[in-house]
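K.L.:
Sequence:
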Amino acid sequence: MAKTGKLADFKLGEKKTAMVNLPAQFVTASSANAKGQKYSNLVDYANNKDKIDDQNNESITELLDLKKQFNEAGYATRTSATTEQEPLFSSDKLHYNNHDISVLRKRLDTAQANGNNIHELAFSLRGDWLVENNLYDPKTGNIDQDKLKHAQQKVVKTLINQGFKLPLGESDRDVVWFGVIHQDTDHLNMHLWFAKESKETRPEMLKQSGPYKGQPTGVITLEKIELTKREFRNELMNEKSRQKRTDVLKGLGQLKKDIVSASGEVLADGRYVGQLKAIFLALPQDQKGHWQVGNNRLMDNNTKMAKANHLTNQLLNDMFQNEFKSEYDEFKQLGQQFDAFNIEDQGVMRKGQRKLSENKDEALRRRLANKLYRHFNQIQDNELETIDQKLIDIRSRIHDHQDSHLTKTAFKTGLKENNIQESNSKVAQINNIPVKNNFNKTRIDNVMLKSNKSFFKINRMWQQDIRAETNAERQFLRNQKSAARGQQIEEIESQNHRTI
1 MAKTGKLADF KLGEKKTAMV NLPAQFVTAS SANAKGQKYS NLVDYANNKD
51 KIDDQNNESI TELLDLKKQF NEAGYATRTS ATTEQEPLFS SDKLHYNNHD
101 ISVLRKRLDT AQANGNNIHE LAFSLRGDWL VENNLYDPKT GNIDQDKLKH
151 AQQKVVKTLI NQGFKLPLGE SDRDVVWFGV IHQDTDHLNM HLWFAKESKE
201 TRPEMLKQSG PYKGQPTGVI TLEKIELTKR EFRNELMNEK SRQKRTDVLK
251 GLGQLKKDIV SASGEVLADG RYVGQLKAIF LALPQDQKGH WQVGNNRLMD
301 NNTKMAKANH LTNQLLNDMF QNEFKSEYDE FKQLGQQFDA FNIEDQGVMR
351 KGQRKLSENK DEALRRRLAN KLYRHFNQIQ DNELETIDQK LIDIRSRIHD
401 HQDSHLTKTA FKTGLKENNI QESNSKVAQI NNIPVKNNFN KTRIDNVMLK
451 SNKSFFKINR MWQQDIRAET NAERQFLRNQ KSAARGQQIE EIESQNHRTI
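Under my numbering, think of the first position of the sequence shown as 1, with each following residue one higher.
The set of hints was computed from the structure by calculation and includes no laboratory data.
Mixed in with the good hints there might be a few duds.
To be verified - Derived pair list, reagent style SDA-like, types lysine to any residue, alpha-carbon separation capped at 25 Å:
(1) 165 - 198
(2) 154 - 213
(3) 154 - 132
(4) 325 - 290
(5) 106 - 128
(6) 149 - 120
(7) 257 - 243
(8) 35 - 213
Said to hold, decoys possible - Listed next, with one range per pair, are the computed distances between beta-carbon atoms:
(9) 171 - 325: 21 to 27 Å
(10) 250 - 301: 45 to 51 Å
(11) 322 - 288: 29 to 35 Å
(12) 275 - 301: 50 to 56 Å
Since this is a predicted model, take the numbers as computed values, not measurements.
All residues carry an ideal CB built from backbone N, CA and C; glycine is no exception.
Kindly produce the complete structure, drawing on both the sequences and the hints.
P.N.:
Structure, rendered in structure tokens:
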């Protein structure tokens, strides 16, 4: 970020740079008192006309340190950075007059006298993102400042109420805050200052040890800073940009549903029986009946399920290269498209961060693996005596359930071997396979009765899964429509959420 010497002269055409940054800092009352600094100096209404002199063309890497701002007369309202006659704003007004500022100064001094910290954050907005979302016209220099202020009024509540262990204020009037828009750098900066007014006495909000014991805590959690950034972007993003992202997420969800729904048909046709047998033999016997991927990644090596998970992952790779090639290729392409959106929104990823496409792919594989393991979990030792027969029973159950589900749901036409009549004939063939190892007819009948009981359990469980996914998607769409009307989207990436 660099000074431009002009107002509303923002850099355009930047690539791989976050569209909104939000650095945060704070100063303790004891530190300010020791240096003779007053919180109210930040809102001194005097203009500092020297601010367009020495620093006009200097490149700086961070916002001016909050401690230095105390020494800058009228930092918030300096005419070199603002165009409005009354640039300060808060929760109640978009333009503070002299009386409002006088009251604000007194409240800030009260907060300092009570030993509270003052916090500062700055929304730094990229010029071409402002243009894209109709917030800035580079030809005229006009900025939709009211819309920017309204957005900050909404998201400041997240910082104040969720940024600490407890809400910062003990009542709605216990936090004093104000903001201002500065335009004298190559990015537009929206500064925000806030402090608790009454004395802090809550143990959860005080340091309990160390040199600052007894003083208010000052660090806002990174998670809430990221959440605030997302909310701020969503408040300002135009409908076209928002819809592009919504369409991609919607497409990813539909493709996942198609693949998961049709996977039972594929596994039941006999092509992968050898791999299913290998997976079954690799499952840890001390976890029988509870086989699942759990919270681990499918390719983690440090779990009892690692061998089975690796074999399952290879099975999924084969399915993605054969029966689901077109669907999986499109799934990957959409994921990469959203990765590009994330770079546009949040900048180049840092080392160790996972892309949304990677998270979506992992979620799809985990869903398919757990679906297979649930069928394995239904097989009891006293049902069948050989692995081959167990796999036949699993395939039969998968296929029977798939046929039941197919009568209610039309699958995507591009999927291979997705014919109900052919599937029914295969099930009949499976059920009529000669039974080896001296199974008599009575034993077979008993086995099938037990299998049918397990089948009904699986069927209910599977239907619940499908209903849950369908309801989640419907709720997702309702949320999107509501967000468009109110220009609010909650967290579309909660799952897509990335940590800096």
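K.L.:
Hint by hint, note whether the structure agrees.
P.N.:
Each hint tested on the structure:
1. 165 - 198: Distance of about 17 Å is within 25 Å: holds.
2. 154 - 213: Violated, at roughly 33 Å.
3. 154 - 132: holds, 22 Å
4. 325 - 290: violated, 31 Å
5. 106 - 128: violated, 39 Å
6. 149 - 120: The hint holds at about 16 Å.
7. 257 - 243: holds, 21 Å
8. 35 - 213: holds, 20 Å
9. 171 - 325: 21 to 27 Å: This hint is violated: roughly 60 Å between Cβ atoms.
10. 250 - 301: 45 to 51 Å: Hint violated: Cβ distance 35 Å, outside 45 to 51 Å.
11. 322 - 288: 29 to 35 Å: For residue 288 against residue 322, whose Cβ atoms are near 30 Å apart, the range 29 to 35 Å holds.
12. 275 - 301: 50 to 56 Å: At roughly 20 Å between Cβ atoms, residue 301 and residue 275 fall outside 50 to 56 Å, so the hint is violated.
Comparing the model with each numbered hint stated earlier shows that hints 2, 4, 5, 9, 10, 12 do not hold.
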